[in-house]
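*Asks:* Each chain is listed here by its residues.
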Amino acid sequence: MRWRRLRTLLVREGRATLRDPFTITILVAVPLVALLAFGFVLSTEVKGLPLAVLDASDTPASRRLIADLAAQGTFVPRRVVTRAALERALVGGAVSAALVVPPDFDRARARGADRPQVQLVYDGAEAVLAGNAEGYLQALVEAAGATLARPGAPRAGDGVTVAERALFNPTLDGKPFMVAGTFGFVLSFLTILITAVSIVNERLGGTFEQLQVTPATSVEILLGKVLPMGAIFTLDVVLMVVVAGVVLGVWPQGSVLLFVGVSAYYVSISLAAGLLISATSETANEAVQKTVLVSVPLVQLSGFIFPIRSMPIPFQWATTLFPATHYIAVTRGIYLRAEGLTTLWPELLALLGFGVVLIGLALRTMGRRP
Amino acid sequence: MSDPIIRTQGLTRRFGAFTAVDALDIAVAPGTIHAFLGANGSGKSTTIRMLIGLLRPTAGSILVDGIDVIRHPRRVRDRIGYMGQRVSLYQGLSLRENVEFYAGLYGLAGGELEWRWGVLRERFALGEAEAERPEDLPGGLRQRAGLALATLHRPRLLFLDEPTAGVDLHSRALFWELIQEEAAAGVTVFVTTHFLEEADYCDWVSFIDGGRLVADAPPEALRRRFSAGYRIAVALPAAARAAARAVLAAGGHAVEESAEGLRVDSPELAPRLLETLAQLVARHPEARVGIEQPAMTDVFRNVLAPAAGGRA
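Here the protein sequences line up with chains A and B, keeping their order.
For the first sequence, the positions run 213 to 582 when the numbering used here is used.
For the second sequence, the positions run 18 to 329 when the numbering used here is used.
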């Protein structure tokens, strides 16, 4: 490898990218739009949700429970007095969920043997929303109920999962979760797409063939292509971190340096995937279609939007086959829980493995004569 | 022929069940222009891509400038210039930036590059195009720029794949002049084309059909063998025809009468025939001599005709 040849290749790629207004727009707009869209719109956060409340107990304890619920801001309780009114409100769409406090709520609490029980009714047709609402409501009711039941000394094991969640995300805000995941989505989809299309276009334009008859080696040609792209996407990561922080108020809880470092490595994995797609595509259209095809399971199975823990077991196994799954686990670890190398190493090791295989394959494909 | 600078033996390339190039034996003399002719899909580009090491043959051997290209494709790269069917200039970069880019890959820079590019810019008339981007240049100019880039590093061999495709007639003639200048300077030029008449610019013609070599000779030799030959028409007044006929007959040529005067068919334009014609014109200044060269398209039609069969 000669530095002078590599520098020549790097300068050209950099120039070409910076001069192409379309590419620049895509590189800046897509990450930002994705961040804002996923952060604001698609956020799984539940806020201000109308909740019908039928308080059949109507005791100080039940009233306190409902007041606690209202104070969280997640739900806006609306009192109903009959079961029929509750069902009307649900069916008519006036509320998405309803809480029924049974007449014996206070008695059960007083007995102290069991935790007081309440009934949750929701519109099953709105599955995702209802599911999310259920999760929050259950957590809130359990937390509130536990305090009500044993004001003095909560028993070990009560509401453990709730407590854990509150530790890392006390306001149950959905934004950090989505923001951290968006990095995985953008750095997979956009990087693969831009790399694949750029290389296919170069091949169609004849310049790629021309490069191969110059003294430049395959490694130099490959590096000349991927280093500038890697640098640009790493800049994209920094841009997204800043915008997520300034606009959405979401900053990484853990090491920014570790986050950018892992992201830069993940970019190189996506670049390799882009190279492999370009190698098997005759036209730019074909490359785009293949990228979209790869991106569908990326969204469905990487844990980006749908929680992996709630998938059937075979699908949970399948998720581990996507590098994005591991990268998103790492970004959430750093963003939400300030995790470092000591806890993230299994995911990082998996990423390392994917990198070695994909980059190796890309190198082999690029160096091979047809 | 002096030792060939390009030699292939049994060169074969199959794509699955399809044989694109079938047992090709080619020998190219140094400093010549070697045309590789054939219809679209006849195997021209596959062959040229194998010769420059872009494609691995299924069988056979290739020597280019003494180097086994199949085993060491990288070793020939400093010695060859290549211009593909799509002129490989980077869009979005000016011609000058393209020059700097390719020069950088060949280790050409500073004063050496300025001098070399100065010469090429002049010769290829590219001065005005230097600051332009390739996508803004007309086809002929872009083609010249591509050739200039292929010769930037002074290669010993030039491989040109359909360099004149999609270029207007005037630009094509200009382009061939430049190719001939390169050959005159000692560069070996291996050029594919489907414009059969362009064979006349070349020293040697290999004609490929369905991946097989069907003719391999200098263009004149092909004309001699595969056409009715040159048709010489001498228009002159009826009164002078008998005397003129005697002059031609004395030169040993078979003469026929035609409406305008006389007609001679000859397989080649031999010096003796030209001398006889000069004598005739000297004696009959009113005579008008027209020489009709057999078109290469006709020659190749005959090459491909089953009756002609075999190789030239």
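Don't take each hint at face value.
A few chain A residues that face chain B, going by a derived Cβ cut-off under 7 Å, partial list only [said to hold, decoys possible]:
| # | residue |
| --- | --- |
| 1 | 224 |
| 2 | 427 |
| 3 | 430 |
Calculated directly from the structure, the hints in this document are not laboratory data.
Just so it is clear, the structure is predicted and the values come from calculations on it, not from any experiment.
Ideal Cβ placement from N, Cα and C applies to all residues, glycine included.
*Asks:* Hint by hint, say whether it matches the structure.
*Replies:* Results for each hint:
1. 224: Since the shortest Cβ distance to chain B is 5 Å, the answer is holds.
2. 427: OK, holds: residue 427 of chain A within 7 Å of chain B, min 5 Å.
3. 430: Status violated, d = 10 Å.
Checked against the numbered hints given earlier, the structure breaks only hint 3 and satisfies all the rest.
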